[in-house]
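Just so you know, the protein sequences line up as chains A and B, in that order.
The first sequence begins at 1 in the working numbering and counts up by one.
The second sequence begins at 1 in the working numbering and counts up by one.
Since the hints were derived computationally from the structure, they do not count as laboratory data.
We put the beta carbon where it would ideally sit given N, CA and C, even for glycine.
Where hints are given, some of them may not hold.
[Stated by the list, open to error] One side only, chain A facing chain B, incomplete, derived with CB under 10 Å:
1) A49
2) R110
3) P247
2 protein chains.
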Amino acid sequence: MIDLDRCRQLDADDPLAGFRDRFAAPEAGTIFLDANSVGAMPRDVPARAARMLELWVEQRRRGWTVSDWLEKPSLLGASIAHLIGARPDDVIVTDNTSVNLFKLLSLALRLRPERKVVLTEPGNFPTDLFIAQGLARYLGNAVEVRAIDDREALLDAIGADTAVVYLSHVDYRTSWRWDMAEVCRRARAAGALTLWDVSHAAGAIDVDLEGSGADLAVGCTYKYLCGGPGSPSLLWIRQEHQDREWPTIAGWMGHADLFAFASEYEPAPGIMRQLTGTPAVIADELMAGAFDIWREVPIADLVAKHRSLSETLKTLLEQECGDLGVAIDSPADYERQGGHIAFRHEHGGPVSEALLAAGVVGSFRKPGVVRFGLGPLYLSHEDCWIAAQRLKKILETETWRDTKYQKVSV
Amino acid sequence: MIDLDRCRQLDADDPLAGFRDRFAAPEAGTIFLDANSVGAMPRDVPARAARMLELWVEQRRRGWTVSDWLEKPSLLGASIAHLIGARPDDVIVTDNTSVNLFKLLSLALRLRPERKVVLTEPGNFPTDLFIAQGLARYLGNAVEVRAIDDREALLDAIGADTAVVYLSHVDYRTSWRWDMAEVCRRARAAGALTLWDVSHAAGAIDVDLEGSGADLAVGCTYKYLCGGPGSPSLLWIRQEHQDREWPTIAGWMGHADLFAFASEYEPAPGIMRQLTGTPAVIADELMAGAFDIWREVPIADLVAKHRSLSETLKTLLEQECGDLGVAIDSPADYERQGGHIAFRHEHGGPVSEALLAAGVVGSFRKPGVVRFGLGPLYLSHEDCWIAAQRLKKILETETWRDTKYQKVSV
Chain A
1 MIDLDRCRQL DADDPLAGFR DRFAAPEAGT IFLDANSVGA MPRDVPARAA
51 RMLELWVEQR RRGWTVSDWL EKPSLLGASI AHLIGARPDD VIVTDNTSVN
101 LFKLLSLALR LRPERKVVLT EPGNFPTDLF IAQGLARYLG NAVEVRAIDD
151 REALLDAIGA DTAVVYLSHV DYRTSWRWDM AEVCRRARAA GALTLWDVSH
201 AAGAIDVDLE GSGADLAVGC TYKYLCGGPG SPSLLWIRQE HQDREWPTIA
251 GWMGHADLFA FASEYEPAPG IMRQLTGTPA VIADELMAGA FDIWREVPIA
301 DLVAKHRSLS ETLKTLLEQE CGDLGVAIDS PADYERQGGH IAFRHEHGGP
351 VSEALLAAGV VGSFRKPGVV RFGLGPLYLS HEDCWIAAQR LKKILETETW
401 RDTKYQKVSV
Chain B
1 MIDLDRCRQL DADDPLAGFR DRFAAPEAGT IFLDANSVGA MPRDVPARAA
51 RMLELWVEQR RRGWTVSDWL EKPSLLGASI AHLIGARPDD VIVTDNTSVN
101 LFKLLSLALR LRPERKVVLT EPGNFPTDLF IAQGLARYLG NAVEVRAIDD
151 REALLDAIGA DTAVVYLSHV DYRTSWRWDM AEVCRRARAA GALTLWDVSH
201 AAGAIDVDLE GSGADLAVGC TYKYLCGGPG SPSLLWIRQE HQDREWPTIA
251 GWMGHADLFA FASEYEPAPG IMRQLTGTPA VIADELMAGA FDIWREVPIA
301 DLVAKHRSLS ETLKTLLEQE CGDLGVAIDS PADYERQGGH IAFRHEHGGP
351 VSEALLAAGV VGSFRKPGVV RFGLGPLYLS HEDCWIAAQR LKKILETETW
401 RDTKYQKVSV
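Okay, chain A solo, but in the shape it has when bound:
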């Protein structure tokens, strides 16, 4: 049993509690449980935007040389490296997740030229699957995208023909989390690479790319990482692979000597060669609001807070709403859970809509799953209590019958 006092006690003991005030407060009473879609905005972002627009007006083209516009992709990457178990020099923030998946999947195939199979699961996030299918088609189907639904069968299928095991660390629907180290161990033993999409993990749970023996990773930055809607994506490559091939998309920002204006491409050393064209200057400046905060957040505290929020909310959902048709869909074992908690309800769509009307912003996935994404820096245990109470009231009074079915969301 967890009661409100217990929630408040957990909040009083929370070493990250002070970060809540670094984020802009929404309209009073609204609880945002949608970090799996769009994380909260740091309070200083409007001031950053104003400074950035002033640079646009007053500096114009001088911005390229007097400011850090062209260094932001690596500065931002270094700021969140510790959250994903990466060396600061091995991460950049650039392009969007789909483009980065394309870059790294094509790199993986070059690094394993004699192997033809991309091994994935049919429930991987759509864009991950599509990028693989598109690349295979471009390469004249010399590559096979093999999607295996059963997890054990997938691991057993890793073999001498496997170029890369291509998975999302966390399932975007159920929040099921792969054991990254175990998958990497199995892949390495067979000589295969691993490419991870950490979109539904980074900034919430313990992601340890180096320690797990992963090879390649990309991830969304506007979910738990709070980079802002559509902010550029993170890209990581294990150091030993960085210099082995040219980037597939060989743009000028990845050239060894950017301002030489050479006519022959020469890749920059290390991760920087994966930069393409001009960085998203304004988006980068705004995402620095959150990324400057992340530099101060110890990964151990982050993980402990996310685990505590997750276990509190799961317990509350079962305790308060279990008799009202709510069944937790995400893994009971926290070590197998990702950034969000998913629960099923027979009328999930209308219930999710009623939650919105009651100031609890979750999201819905067909056919009946409601997702609560937990942003550890700005949510409290008391928020979990309030959300569960509001859900309970909706189910008891059946106010969900008055709502329209909502559109699905990213």
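Since the structure of chain A is already known, use the hints to place chain B on it.
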């Protein structure tokens, strides 16, 4: 001879004069002649930023469904279609120019599978060359990137082995402009495609992709188009080619049914399949400031204004500074000139630096070329007069001897 009165008369007769006030005024006295690098900021961008950040705080994940975040790439494309001679449905704004060059060059090679030559010039913009070199390398050098310096020789080299003629409409150094229609005619006659980079043309000069018979085009939006530093790039495909192949980067935003969350890729009809991942939501909203203005600008007025500014400034530079070592480097014939005017001076670097100190923001390219990029919506003929007078004074008094050599710029 042009004098100040004549400049003021030209401004009084300028049908676009009213647009100047739609852009934020810089610090008094500064004249920005750097539209070839970063165009001016529309006055309403700060208000757009504030609204956007409010959406981030208050709407969060609901922004995906209640706002036009996912429609912006096509809405923005339609807003500037008339400036590049395109149908509104054939242009999107997405990713950066390098990524878009990769997409369209790889598409061109798929559309001409039996042809192996990408024909370009060694003075093409670096990222254009690099993208081609990188793609050729990725394809195991089954493709040859043939760069020919002499323009007539390049046209003569278009042959049965040419897959695509791959050029920048305007040279980023000299401002020399290709006759797009002539190149397209020669390419078509040989069965080759054309891929144009209109970065140093769109928003300044007459670009007519449809009328010229072009096949594929990309372009930067933060130069003359005033989209803001690092704003997403424009991508155009002639309608007949749009549905013939899958996109090389097959992301979920290019899927036929975005919210089906399918496991099999099915390309969206038309240009939309070239979208990749999540759009740059905030950047898109800010660039809408300029793109909403462009919808009101007739292309004929734009071209007339740019021509008038160009001819005025060239005349003034020769008239006022010709005896002081200034030699126009850009084409004398306006029909062969692009967005900027380039002039040589023995001490171009220090002169460019002294111009900056005097409030005239141009840019410099080694070894001695100064570039003045002319943004037709916010520059006046009087601005050209003032800039020429300041340059004259710098050269007469040799104040450039007091400056440090400046870094080059984008």
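Each hint, compared with the structure:
Interface hint status for A49 of chain A: upheld, as the beta-carbon distance to the closest one in chain B is roughly 5 Å, under 10 Å. With a cut of 10 Å, the hint placing R110 of chain A at the interface with chain B holds, because the nearest CB-to-CB distance is about 7 Å. Given hint, P247 of chain A at the interface with chain B, holds; its Cβ is 6 Å from that chain's nearest Cβ, closer than 10 Å.
When held up to the earlier numbered hints, the structure conflicts with none and fits them all.
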